[in-house]
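> Here the protein sequences line up with chains A and B, keeping their order. First residue of the first sequence? That's 10 in this note's numbering, and the numbers climb one at a time after it. First residue of the second sequence? That's 10 in this note's numbering, and the numbers climb one at a time after it.
There may be inaccurate statements among the hints.
Okay, derived cross-link-like pairs now, EDC-like style, lysine to aspartate or glutamate, Cα gap no bigger than 20 Å in a straight line [what the hints assert, rightly or not]:
no., chain 1, residue 1, chain 2, residue 2
1, B, K281, A, E329
2, B, K292, A, E329
3, B, K281, B, E251
4, A, K181, B, D62
5, B, K286, A, E71
6, B, K292, A, E296
7, B, K280, A, E329
8, A, K292, B, D461
9, B, K63, A, D185
10, B, K73, A, D185
11, B, K181, A, E156
12, B, K286, A, E156
For the record, the hints were derived by calculation from the structure and aren't laboratory data. All values derive from a computational prediction rather than experimental measurement.
Number of protein chains: 2
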Amino acid sequence: MEKQVLGGLQWRINVPNGMSKELDPECSCYCKPWLALKSLVGGLVARVLRFLDKAWALGVSEPKKVIHGFKVGIALSLVSLFYYVRPLYDVFGGNAMWAVMTVVVVFEYTVGATLSKSINRATGTFLAGSLGIGVHWVASQSGEKFEPIILGISVFLLASAATFSRFIPSVKARFDYGAMIFILTFSLVSVSGYRVDKLIGMAQQRLSTIAIGTSLCIFISMCISPIWAGDELHRLIHRNMEKLAESLEASVANYFKDNQSGYPSQEDNSKKTQAYKCVLNSKATEESMANFARWEPAHGPFNFRHPWKEYLKIGALLRECACCIETLSGCLNSEKQGMEHLKGYLKHASMAVCSHSCNVLRELSKSVKTTTKSSKLYLSVGEMKFALQELQNALKSLPTQLILEQVLASQANENKSTTKKECAPPVMEVIPLATLVSLLTEIVARIEEIVDGVIKLAELAEFKAFNEEKIAQNQSTSNNQRSDNPSCETEP
Amino acid sequence: MEKQVLGGLQWRINVPNGMSKELDPECSCYCKPWLALKSLVGGLVARVLRFLDKAWALGVSEPKKVIHGFKVGIALSLVSLFYYVRPLYDVFGGNAMWAVMTVVVVFEYTVGATLSKSINRATGTFLAGSLGIGVHWVASQSGEKFEPIILGISVFLLASAATFSRFIPSVKARFDYGAMIFILTFSLVSVSGYRVDKLIGMAQQRLSTIAIGTSLCIFISMCISPIWAGDELHRLIHRNMEKLAESLEASVANYFKDNQSGYPSQEDNSKKTQAYKCVLNSKATEESMANFARWEPAHGPFNFRHPWKEYLKIGALLRECACCIETLSGCLNSEKQGMEHLKGYLKHASMAVCSHSCNVLRELSKSVKTTTKSSKLYLSVGEMKFALQELQNALKSLPTQLILEQVLASQANENKSTTKKECAPPVMEVIPLATLVSLLTEIVARIEEIVDGVIKLAELAEFKAFNEEKIAQNQSTSNNQRSDNPSCETEP
Numbered sequence: 010m011e012k013q014v015l016g017g018l019q020w021r022i023n024v025p026n027g028m029s030k031e032l033d034p035e036c037s038c039y040c041k042p043w044l045a046l047k048s049l050v051g052g053l054v055a056r057v058l059r060f061l062d063k064a065w066a067l068g069v070s071e072p073k074k075v076i077h078g079f080k081v082g083i084a085l086s087l088v089s090l091f092y093y094v095r096p097l098y099d100v101f102g103g104n105a106m107w108a109v110m111t112v113v114v115v116f117e118y119t120v121g122a123t124l125s126k127s128i129n130r131a132t133g134t135f136l137a138g139s140l141g142i143g144v145h146w147v148a149s150q151s152g153e154k155f156e157p158i159i160l161g162i163s164v165f166l167l168a169s170a171a172t173f174s175r176f177i178p179s180v181k182a183r184f185d186y187g188a189m190i191f192i193l194t195f196s197l198v199s200v201s202g203y204r205v206d207k208l209i210g211m212a213q214q215r216l217s218t219i220a221i222g223t224s225l226c227i228f229i230s231m232c233i234s235p236i237w238a239g240d241e242l243h244r245l246i247h248r249n250m251e252k253l254a255e256s257l258e259a260s261v262a263n264y265f266k267d268n269q270s271g272y273p274s275q276e277d278n279s280k281k282t283q284a285y286k287c288v289l290n291s292k293a294t295e296e297s298m299a300n301f302a303r304w305e306p307a308h309g310p311f312n313f314r315h316p317w318k319e320y321l322k323i324g325a326l327l328r329e330c331a332c333c334i335e336t337l338s339g340c341l342n343s344e345k346q347g348m349e350h351l352k353g354y355l356k357h358a359s360m361a362v363c364s365h366s367c368n369v370l371r372e373l374s375k376s377v378k379t380t381t382k383s384s385k386l387y388l389s390v391g392e393m394k395f396a397l398q399e400l401q402n403a404l405k406s407l408p409t410q411l412i413l414e415q416v417l418a419s420q421a422n423e424n425k426s427t428t429k430k431e432c433a434p435p436v437m438e439v440i441p442l443a444t445l446v447s448l449l450t451e452i453v454a455r456i457e458e459i460v461d462g463v464i465k466l467a468e469l470a471e472f473k474a475f476n477e478e479k480i481a482q483n484q485s486t487s488n489n490q491r492s493d494n495p496s497c498e499t500e501p
Numbered sequence: 010m011e012k013q014v015l016g017g018l019q020w021r022i023n024v025p026n027g028m029s030k031e032l033d034p035e036c037s038c039y040c041k042p043w044l045a046l047k048s049l050v051g052g053l054v055a056r057v058l059r060f061l062d063k064a065w066a067l068g069v070s071e072p073k074k075v076i077h078g079f080k081v082g083i084a085l086s087l088v089s090l091f092y093y094v095r096p097l098y099d100v101f102g103g104n105a106m107w108a109v110m111t112v113v114v115v116f117e118y119t120v121g122a123t124l125s126k127s128i129n130r131a132t133g134t135f136l137a138g139s140l141g142i143g144v145h146w147v148a149s150q151s152g153e154k155f156e157p158i159i160l161g162i163s164v165f166l167l168a169s170a171a172t173f174s175r176f177i178p179s180v181k182a183r184f185d186y187g188a189m190i191f192i193l194t195f196s197l198v199s200v201s202g203y204r205v206d207k208l209i210g211m212a213q214q215r216l217s218t219i220a221i222g223t224s225l226c227i228f229i230s231m232c233i234s235p236i237w238a239g240d241e242l243h244r245l246i247h248r249n250m251e252k253l254a255e256s257l258e259a260s261v262a263n264y265f266k267d268n269q270s271g272y273p274s275q276e277d278n279s280k281k282t283q284a285y286k287c288v289l290n291s292k293a294t295e296e297s298m299a300n301f302a303r304w305e306p307a308h309g310p311f312n313f314r315h316p317w318k319e320y321l322k323i324g325a326l327l328r329e330c331a332c333c334i335e336t337l338s339g340c341l342n343s344e345k346q347g348m349e350h351l352k353g354y355l356k357h358a359s360m361a362v363c364s365h366s367c368n369v370l371r372e373l374s375k376s377v378k379t380t381t382k383s384s385k386l387y388l389s390v391g392e393m394k395f396a397l398q399e400l401q402n403a404l405k406s407l408p409t410q411l412i413l414e415q416v417l418a419s420q421a422n423e424n425k426s427t428t429k430k431e432c433a434p435p436v437m438e439v440i441p442l443a444t445l446v447s448l449l450t451e452i453v454a455r456i457e458e459i460v461d462g463v464i465k466l467a468e469l470a471e472f473k474a475f476n477e478e479k480i481a482q483n484q485s486t487s488n489n490q491r492s493d494n495p496s497c498e499t500e501p
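Excised from the complex, chain A in its bound form (with noise of 0.2 Å):
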């Protein structure tokens, strides 16, 4: 209902009990203004707080990303002494810019990553100086009139094949900023040479300017609180394993749990059984990571030539794997309806492969956290294989059992003198348990795939044997205590 009233709207809405209510009339023209930019400042501040509040439960969370933050603030602070220092000022002049912009550029918040950039920025430039410099020499030899045409055509030449370069993947992914920097100081020497006669000795003093700005990074990002690209993929891989258990078991125990005790124990797990959607999301974050994990020196318990390789085939495996387990849950949510009794026969067998499974999963990301030999992991593949032969088993006599019971109950329904008769469960019901068994049986596949995969790796990262387990393990716990974190870490 709307009634104009001497100008102004007036609003009267019904309400359910029958009366009619008036509501405030609107503002006056002077009002609205303010009224507008009130709601707007408000919600301004309340996204800026928003915005706060999740910076800080980051900061909270991941502290070494703050630090990472301090650690650029410092070397930024450093290499601006060049400015303020008169004698390194007179040295370097403008080309100190140079150096600040290598800091800002290239310190990334991995040692690999900062050490990768820093090889590339040094090599590009470098090469690209070398082959302006030979390129304006030529140029300047042919003539006034030539050389804006020989230089303009080595420009577009040049700057396009190494931007098409760029769309390589080996290039993509170790050389594409070295590709950048290259045509960024090919076209500003061969160009600005055009009016700069002292070419080489500015160059000099940019790439020194560049080594200074890039030591004073690789020593910064290795001495103070170093986060070494290794040690992200590393823990990245073990995490993911556990992430996996935690979500096998979540889905399995959902499936069986969940109609005696209710729907909030679903929800609770719901976290848990979503862990696998890190699992399937990080292959990107595992590629770039051993790719300048390649870059970094020995550190902690990997060798400079640690095979990072195995650990980008260990991640599809446990993609894979994800892959199964998210379709499981998928499966098991959809079908929970109807045969309740039927779960029953299979609960604890279903139960003891899926707690086996975790076991292994467990046990391989403690050898891989610890980097020792696992003595306990033959011993728990075994009886995982045990779990699922008995439950194969289970399913097996799953018919012998239905007829018993329907006997059973025949009986009991022929004492009680009810007309109603129960009747064999028809194959559509079993369908759902046999979809169980074989992802079950197909998950174990999987795993014992990852079981390879981790053995190879320790064979070539020459993990530690049984007996130095103990102080090992001791070892890694007081360090990784610190760095665990619960997060989804695929995006560092």
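Fit chain B to the given chain A structure using the hints.
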């Protein structure tokens, strides 16, 4: 067998037929380095040739990337005119460097990415420049002693905060580059301001060169064969649907066909079966494309506020479906042995479900590709559901059929008077079929979710209605024919 002969090594190998054969003695010391050099050069040449081969293949399969290279070349050649043309150089001088730098850094593959980087760069530079000048002014007012201290502290604090902010997901997704440029410009301005007094004039010049560089980039990337992030995302999504259909078809066909025609067919199909892997790995690309697409102006069938987020939702659903297909193909591969005679009963019904599902996926793909509401979609979905019902019925009637067959077999056996008697198939043999049915059911359920997603997209994006379909189809076929290519497009 090894024998020392007068200072040189002689190698002898035993050939299977009992004779032993003398190998060529080792080269003298003179020819060793020569051989090493030869093999080194040979290896290098081979590597370079392989690299060029790869680059050529990439160029042939995706000419758009070659064109992008040329576009960058053109932009750089144009921007270097600032150095060659005397009046321009007189205005901008050394600051022309910033235009070159802007072009190199800002020019990206898609229009959206270029726009996003340009806006980030301009905003970052402007904000940091004004803040830097402000801080510089405050510092200069506080006396010569405190000036470096204030500047140093402000650089440290702002650089730390901005670096940390780059880890916050919302900033990382949209303003990562802007934050970096902010740090860079702020340090350069506030620090170099210590020496240079003509700060404001310099800032103006720098901003105008950056404006020239970015507008040149935007102009070239939008006018010369533009590559829209929105288009790429759109294409990725509908091609992923086709890939899922291909994979599903190939893996089910493999399962049922393999044993009649032998192994070769499996190898032929393996590429098709693996097509889902591209879908699984496309998350990062989809997200960055959707991010860039938001910046793009209206183009082709897409408005400025095209619902790009819906594409991400559909992408996630596609990945879930791909996961299911992954598991299906894994299960089918690992359970190929045995129960050949059982397969026959469900072959027809399974193939029907599979082909109808693929029809739905292809119909969806066509609908998205042509941005028209499909007229046949509901019909196809109905057929798919009906086929699934048929398959489930077939599985239900399996026991009856098996008993019938058993009776017939035993009759035949009695007629032939043999003692061998086939026993009833144990439940274990039905499991693979039950799994197949169950997974197909799950896949159908997920495809239905995709259907819902596409219907929602069609509503939000105002897809054309049925009757306009034909015209649009003809248009888009001619438009898309040249841009479609069969490789995995997750990493453009």
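> Decide, hint by hint, whether the structure agrees.
Hint check:
no.	hint	result
1	K281(B) / E329(A)	18 Å, holds
2	K292(B) / E329(A)	16 Å, holds
3	K281(B) / E251(B)	11 Å, holds
4	K181(A) / D62(B)	16 Å, holds
5	K286(B) / E71(A)	32 Å, violated
6	K292(B) / E296(A)	14 Å, holds
7	K280(B) / E329(A)	18 Å, holds
8	K292(A) / D461(B)	28 Å, violated
9	K63(B) / D185(A)	16 Å, holds
10	K73(B) / D185(A)	19 Å, holds
11	K181(B) / E156(A)	44 Å, violated
12	K286(B) / E156(A)	51 Å, violated
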